[in-house]
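Engineer: Chain by chain, the residues run as shown.
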Amino acid sequence: MIRKTRFINKYDYGKNIVELDEYVVSLGTNCSLKCEYCYLKFSKTPPKPTIYENLNKLKEELLSLFTQNPQKIFYFNFGETTDSFLTKKHFEILEKIVEIISILSKEYKKFCFIEFRTKTSNIFKFGKKINYQNIKPIYATTLTPQLTIEEFEKGTANLEERIKTLQLAESLGFLTGVRFEPIILYPVLGVTYNELLTSIENLIETYKNLIKDTLEKLNFDYLHSISLSTLRLTKKQFKILKQQQSKLCFFEMFLCPDGKFRYSRPIRLTIYNKLINSIKDITPNLTQKILLSFEPEYIWKNCKIKLKTLPELSQIFL
Amino acid sequence: MNKQTLEKLINSPKVHLTHSQKNFIKETYELLSIFNQQLYTIFEQEFKKITSIENNKFKAGEKFFEYVQQMRYPISFLKLQKLKKIKNLKKYISNLTFEFNEELLPEELQKELKEILNKL
Chain A
879 MIRKTRFINK YDYGKNIVEL DEYVVSLGTN CSLKCEYCYL KFSKTPPKPT IYENLNKLKE
939 ELLSLFTQNP QKIFYFNFGE TTDSFLTKKH FEILEKIVEI ISILSKEYKK FCFIEFRTKT
999 SNIFKFGKKI NYQNIKPIYA TTLTPQLTIE EFEKGTANLE ERIKTLQLAE SLGFLTGVRF
1059 EPIILYPVLG VTYNELLTSI ENLIETYKNL IKDTLEKLNF DYLHSISLST LRLTKKQFKI
1119 LKQQQSKLCF FEMFLCPDGK FRYSRPIRLT IYNKLINSIK DITPNLTQKI LLSFEPEYIW
1179 KNCKIKLKTL PELSQIFL
Chain B
108 MNKQTLEKLI NSPKVHLTHS QKNFIKETYE LLSIFNQQLY TIFEQEFKKI TSIENNKFKA
168 GEKFFEYVQQ MRYPISFLKL QKLKKIKNLK KYISNLTFEF NEELLPEELQ KELKEILNKL
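These protein sequence lines are chains A and B, in that order.
If you want this note's numbering, it's the position in the first sequence, counting the first as 1, plus 878.
If you want this note's numbering, it's the position in the second sequence, counting the first as 1, plus 107.
Everything labelled a hint here was simulated from the structure, so no lab data went into it.
The beta carbon of each residue, even a glycine, is placed where N, CA and C say it ideally should be.
It is possible that some hints are incorrect.
[Claimed, not checked] Taking CB as the label site, the calculated pair distances span: (1) E219/B / I880/A: 21 to 31 Å; (2) I200/B / Y917/A: 26 to 36 Å; (3) K1184/A / L211/B: 40 to 50 Å; (4) K912/A / E134/B: 18 to 28 Å; (5) E153/B / E1094/A: 47 to 57 Å; (6) I193/B / E1083/A: 26 to 36 Å; (7) F1002/A / T112/B: 47 to 57 Å; (8) K967/A / K221/B: 17 to 27 Å; (9) E897/A / Q217/B: 40 to 50 Å.
Please build the complete structure, drawing on both the sequences and the hints.
Structural biologist: In structure tokens form, the structure reads like this:
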């Protein structure tokens, strides 16, 4: 299919949100994994997952990006408008795009980090080494407790498989990205204050175990970044999900200045701080690799996480 | 419990509620009932309790609305009340939500605000 709009877009984070300076590359649109919270279900997209093949257009956009921006390091996200490893075709087109980026990067003396984000285990089927000059590929997967996967991410790989994909990615020479996002408050045990506190404590304990189990299996030298972000829903999503009686529609969510519903600030900060401490307990050095996705600066500060962009964070891998 | 029975409750002559308060109660009911199927009984019991003590429909409406707000925001409700009590805060923030950078406000307010905003 032919892409008529831009292939490469600077990520629009929204009002007051810390910008991570990444570019989204739309190699395709839509996704068949059917995660209940996915924004793609609520956007105008083709009915079936689509891949775009007019890569000359992408090349032109890339050329203008490289010539108009003096920065040396670029961070591209291939997993925003579709799952990077959704099908073999996705992976093939993705490789072609990486090749184009590599050629132009070399020519214009740029260095690019490319994030492939997935909730599948398809790297076992068609994953292979991606070895191009001036490119570092990052294999990133969302880690979610199994119970939450079964409730909200029904078409995706299970947790155990996802952790194994990270190990395989390491062995193929990818850097790895661990994405704890979205963190969904589930199960909610009831509507009273005490029931809610217990639900939050349970969630934190579950994630602490998940963090420990995952990180002890990974080689930190390959670990590019760990991101944390609690669930956020647009007004439209919130309205539709409420009508569908979805358990994503938690009652103590507030509309933030960027137009997204989020858990109230005390809930978010408690979750973030406890999880960040549990990462620090494993090894304090990992703190420099932690990012809070889609949060304003005051949340980062109250978590004592230094503000950084993805290209800045990536410098240690050059 | 369906919407009609809730409508009866909030349109009862025993309470006075504004249009936006009624909408908030209806939305809260929708959201909370996702997590608790017995919610109507809980709402109804509280409604009866309030209206049996309070004869003034305005005060009864106010109390019932406050009860629903507390149910909707179990963690934030009391915190919002505390924010409202902080002297001079409204001078700096027109809309009292939790989403602001307290470090941009005078230092004497910051410690108290951090306690309220950043912890459960």
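Engineer: Any hints this thing doesn't respect? Which numbers, in order?
Structural biologist: 1, 3, 8, 9
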